[in-house]
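A.B. asks: The lines below spell out each chain.
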Amino acid sequence: QKEVEQNSGPLSVPEGAIASLNCTYSDRGSQSFFWYRQYSGKSPELIMFIYSNGDKEDGRFTAQLNKASQYVSLLIRDSQPSDSATYLCAVWDGGYQKVTFGTGTKLQVIP
Amino acid sequence: GAVVSQHPSWVICKSGTSVKIECRSLDFQATTMFWYRQFPKQSLMLMATSNEGSKATYEQGVEKDKFLINHASLTLSTLTVTSAHPEDSSFYICSARFFGLDQPQHFGDGTRLSIL
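Read top to bottom, the protein sequences are chains L and S.
For the first sequence, the numbering used here assigns the number 1 to the initial residue and increments by one for each residue that follows.
For the second sequence, the numbering used here assigns the number 112 to the initial residue and increments by one for each residue that follows.
Hint data in this document are derived by calculation from the structure and do not stem from the laboratory.
There may be inaccurate statements among the hints.
Derived list of chain S stretches under chain L, where covered just means 3 residues or more per stretch with a C-beta under 8 Å from a C-beta of chain L [what the hints assert, rightly or not]: (1) 145-155; (2) 216-224.
Only pairs whose alpha carbons sit at most 30 Å apart, straight line, appear in this in silico DSS-like list of lysine-lysine [unchecked claim]: (3) L:Lys106 with S:Lys166; (4) S:Lys125 with L:Lys2; (5) L:Lys98 with S:Lys177.
C-beta atoms are modelled at their ideal positions from N, C-alpha and C, and glycine is treated no differently.
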């Protein structure tokens, strides 16, 4: 069973700080990785995707991928209370042709 | 960007009723659509995967006669909850993706189903 692991949190950070969300995955052959944000009572929305080792930046968000260590992370700079949500890490499973989601990390940004 | 439209947003109905939920990809052809269910404060649970023109693949424990999925075209998939009961009350979310290694899944806004 291919797995995607996340700390459920909650992760609490003060407003303006950097929030760091981590995710590990079990399938060494995985090649596509996604981060989704889900507000309470809403459906997930795609924030970022990353395929290559290293960093990918988009505004206040940076995704980091390390395939050798099998982890992917999401950094949120200048965290805002509106960033408070559950963040889902997702990994594309080419064998089963579907995305495997982690259980999500709940982020709380304290004003 | 890609948009997935899901209708209806809310359904409240009596026990024993069948409910149909539609999922449409608006600006791309979705070769694969997914149906999820999420109970309050719990994780997304994949129910089934559907490919256009073929039978859906259901996850273990999901009753295919209870949750009928039709993926008639590259832009439309439907989920019918047959003879719904209160335990079927949940948040149902569809998702669609275009074929390709680097294509993410895009989610609809979800349907909140309440069975009385």
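A.B. asks: Determine for every hint whether it applies to the structure shown.
C.D. replies: Here is what the structure says about each hint:
1. Under the rule that three or more residues need a Cβ within less than 8 Å of chain L, the assignment of the stretch 145-155 of chain S holds, with 3 such residues.
2. Note: the stretch 216-224 of chain S has 6 residues with beta-carbon separation from chain L under 8 Å; the three-residue rule is met and the coverage holds.
3. Using a Cα cut-off of 30 Å, the hinted pair lysine 106 of chain L and lysine 166 of chain S is violated, with the two alpha carbons roughly 36 Å apart.
4. A threshold of 30 Å between alpha carbons decides the hint, and for lysine 125 of chain S with lysine 2 of chain L the separation of about 39 Å lies outside it, so the pair is violated.
5. About 22 Å separates the Cα atoms of lysine 98 of chain L and lysine 177 of chain S, which keeps this hinted pair within 30 Å; it holds.
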